[in-house]
Amino acid sequence: MTTTIEPPRAGGAPVRSTPHRARFRTARMLLSERRTRVVLALLVLLVLVAFVGPLLSPYGSNEQDLLGRLQPPSGAHWLGTDSLGRDILTLVLHGTRLSLLAGLLAVGTAVVLGTPAGLLAGYRAGPFGAITNTVSDTLLALPPLVLALAVVGAYGGGVVPAMLAVGITLSPRFYRVARSVAATVSKDAFVEAARSIGCSTTRILTRHVFANAVAPIVVQVTFSIGLAIIAEASLSFLGVGAAPPSVSLGTMARDAFTHIREAAFPIFPPCIVIAVIVFLFSSLGDGLRDAVVSGGRRT
Amino acid sequence: MTRFVAWRVLGMLPIILLVTLVSFLLLELVPGDPARLVAGDLATPEQVEATRVSLGLDRNVVVRYIAYLGSVVTGSFGESVVLQPGRGAMDLILQALPVTLSLTVVSLVIAVVVAVPLGVAAALRRGSWVDQVLNGLTSLSLALPPFVIGPLLVTVLAVTYNLFPAVGYQPLSAGFPVWFAYLLLPALAIAVNPIAEIGRQVRGSLVDVLDQSYIRTANAKGLSTTRVVGKHAIKNAAIPAVTVLGLQVTRVIGGTVVVEIIFAMPGIGALAVNSVLSHDFPVVQALVLFSALAVLATNLLVDLSYGYFDPRLRKG
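In order, the protein sequence lines correspond to chains A and U. Here the first sequence stands for residues 57 to 355, numbered as in our numbering. Here the second sequence stands for residues 17 to 332, numbered as in our numbering.
If you are wondering where the hints come from, they were derived from the structure by calculation, not from laboratory data. Do not take every clue at face value.
Unchecked claim - Across the chosen pairs, the derived CB separations fall in these ranges:
(1) A:83 <-> U:148: 26 to 34 Å
(2) U:232 <-> A:317: 56 to 64 Å
(3) A:104 <-> U:91: 48 to 56 Å
(4) A:270 <-> U:60: 55 to 63 Å
(5) U:148 <-> A:105: 29 to 37 Å
(6) U:320 <-> A:214: 35 to 43 Å
Stated by the list, open to error - Derived coverage of chain U by chain A (criterion: at least 3 residues anywhere in the stretch with Cβ under 8 Å from a Cβ of chain A; other residues may be distant):
(7) 36-45
(8) 169-176
(9) 261-274
(10) 296-302
Claimed, not checked - Covered stretches of chain U (in silico footprint by chain A; criterion: 3 or more residues with CB under 8 Å from a CB of chain A, positions within the stretch not fixed):
(11) 144-158
(12) 283-292
For every residue, glycine included, the Cβ atom is placed at its ideal position computed from N, Cα and C.
Build out the structure end to end from the sequences listed, making use of the hints.
Here it is as structure tokens:
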């Protein structure tokens, strides 16, 4: 149809470049710092370990050995066993996978709910924006953990409803980011140009305005995944998240804490792994945010 | 002042109404028959019917919502049906409130007392070891949620070294030292994240303020650093920090839920978990509404504090 008008502010790098360079400009801007690339590599490694690890383990996640419960680390059980005699290393691997999936589900929900509403509200002032602003302010007033508890109570246990509820309370973050970008960009010449050649609102929002919101949204995603993972683990710790067949780092911490006077060691693996996962996501978020602020230029 | 408060509360009305709708609709979310779920698996058909009536489920949705709004306005927030049948949900909340309030206040006080000097020191000596410590703490704090720190503190300080009572709660009437000894570990578990967030914000906004010309004037007059920072800079730097403090409240409320369970404290968080596990929906609904109102009230207080820190904002 028409040539896409590249948003000039998406990169900050030289505006005219080859189409191939333009395509990955946002990604390259975000990853311009070496530290960010290292953190990203570690996260990819973590994902691989979480999804491949359980297959390599000689133990099943529900394989109990009641005679060998609460054992200290040994050659057979590198991280010892829990109160039911299950291999803690295997459980940690399963738990990590669940954490990552839960984080992805909650943040996916938040992005899907928040971004389109935010883009539209920022692009067009009017009654729609007033309504979505009120909804967003309401969601911000609801403590995520309390709402998730209530939803689980009403809808029944399980990670999925809990994470959907967490996703709903996280959605105002994406709404606000998308709205502020759309409000700034909609006054720019390229949006006016797109409108003048007859682009529909949907096309302008998806092709032109959204392109400028990608980088700040990616930053928000990394921070939010950390929060969602903590929420999942907290709910499971409280006994209203993951139900018995599935293994969560939260339920592991709970189990270890209940038996803390018998053996102190099992509390450490799940807690440390959660800390590492969330630390990696928040460092990635810090790195990406710095890249967005500096526009990818080295400081 | 009164006008400002009235205006803000009026502006919050749509949000408050929407919050009541959310908490009301929670019961509608129950798949199948809520009355059966609340009454339990062993209930006879008559008991299920009685529960249906006590939940008001025999009436039309709109009528029920209006009745619900009525119970909110009169302050009863509905009646408990499982935990303590017949007692107002608000009664149960008020009974648990002192515990949670003590916990919240102590952890926020710890947060401010540690974070403000840390942030000021980091801002005055950028790049020094204090700055580095604050930086490291900020990156780490997100990764250390209360339910990770809580058990670790209990394991190390209470179980291994017996320095503190491991779990439980004593009211303030038992004496301040006792009350505080029981609160210190749980409050610390919650405070770590606010310390980092507030400290970072104090540092950031103080750095901006210190670059302004009125600070240069104050320095040029020959005022001491203490006076320049304490009298001239800190108030201006406080506004963003107080905003962050206000934003921390939702997270602190979430933290109290977990921490109260870890430390076996009979507060609102424990009430929330118990009412969810026993399907006492009116209490769950009341808790959702109550915590949202608490957050809104905090936001209002934060807005009011701006006038104290910056006289230019008092009018208008």
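Do the hints match the structure? See the list:
1. A:83 <-> U:148: 26 to 34 Å: 31 Å Cβ-Cβ, so the 26 to 34 Å window holds.
2. U:232 <-> A:317: 56 to 64 Å: Holds, at about 60 Å.
3. A:104 <-> U:91: 48 to 56 Å: Holds: the Cβ-Cβ distance is about 55 Å, inside 48 to 56 Å.
4. A:270 <-> U:60: 55 to 63 Å: With Cβ atoms ~59 Å apart, the hint holds.
5. U:148 <-> A:105: 29 to 37 Å: Cβ of residue 148 (chain U) to Cβ of residue 105 (chain A): about 30 Å, so the range 29 to 37 Å holds.
6. U:320 <-> A:214: 35 to 43 Å: About 42 Å separates the Cβ atoms of residue 320 (chain U) and residue 214 (chain A), which means 35 to 43 Å holds.
7. 36-45: holds (count 5)
8. 169-176: holds (count 4)
9. 261-274: holds (count 6)
10. 296-302: With 3 residues closer than 8 Å to chain A, the stretch 296-302 of chain U meets the three-residue bar; holds.
11. 144-158: holds (count 3)
12. 283-292: holds (count 4)
The structure is consistent with each of the numbered hints, conforming to all of them.
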